[in-house]
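Trainee: Listed here are the chains, written in short residue letters.
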Amino acid sequence: MIAALTYVVVGLSVVLCGAAVVYAVRDRLIDDLLLGIAGLLELALLVVLVGGLVGSGHVTDSAERATFIAYLVSLPVIPPGTAFLAIKEKSRWAMGSIAVGAFAVGVMSARLAQIWMSYD
Amino acid sequence: MTDPVLRDRRALGGPGVLLVVVYGVLALAATGRSVLQISEYFDRAPLAYVLSALAAVVYLLATWCLARGGRWVRVGIVACAVELAGVLLVGLASYLDPSAFPDKTVWSHFGQGYGFVPLVLPVLGLLWFRRVERGARADAAVHEQDVAPTSD
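Residue numbers (my numbering), protein chains in the order written: chain A, 16 to 135; chain B, 29 to 180.
Calculated from the structure, these hints are not laboratory results. Glycine is no exception: its CB is placed at the ideal position from the N, C-alpha and C atoms. One should not assume that every hint holds.
[As the list claims (entries may be wrong)] Okay, the calculated bits of chain B under chain A, using three or more residues with CB under 8 Å as the criterion: (1) 45 to 57; (2) 60 to 69.
[To be verified] Pulled from the structure, derived: some chain B residues nowhere near chain A, Cβ distances all over 12 Å: (3) 85; (4) 98; (5) 102; (6) 109; (7) 112; (8) 123; (9) 137; (10) 138; (11) 145; (12) 155; (13) 162; (14) 163; (15) 166; (16) 167; (17) 172; (18) 173.
Turn these sequences into a full structure, and let the hints guide you.
Mentor: Rendered as structure tokens:
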């Protein structure tokens, strides 16, 4: 369940990262479509957060569990944070903020799934 | 805020926004991990965990300085310098005495656990702050010329 959800998150973050790159190339600022994708990603991250916290006992090693929970809690902060910066920044670099943030979400979620599945 | 020279010396804007994001993510990851390490199993490697908490605080500070600019630029330069020294010293120490660093922390093994981002980031931060400082100095020179005839 958690593993499947993190795949959804990784997929959405790839879409968001790609969309931000396209926007940057076409020199477009943030709009409803991009915010919508970021919102979907955020929603998925919140679901993973709740599911992950409830099932955190699944990761039995305390050090790995610490990393797991730290990533769970950190992840939902990234999309709103980068969106805020992107709205304030009125240049092509705003999309860089979204793209880098989405990339980080993808990498951290993949790591999350990796930890989870090593205890299956 | 009322001083135009200070106001113009903004770190955020243009490529600086990318540094804010990367620093922010690293600060988040380091802080979260550090809080759990210290609260859950501090006794395992006290030195490594204290250093990783210190790293987390410095990353938070640097993120703030990058985002705010202005008078925070100088603080940011110090923060980046501390990071660079930290990643080099702790990186070296973790190779010389691996038993003191059982878990990967931000600075151990030159930031290997974080794709060496902690090694590259302070250098980029310092370069960016230097650019911001230079821009501010050029602005200040122009500003002084502008007000010179009327002041004094």
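Trainee: Broken hints, numbered, in rising order?
Mentor: 11
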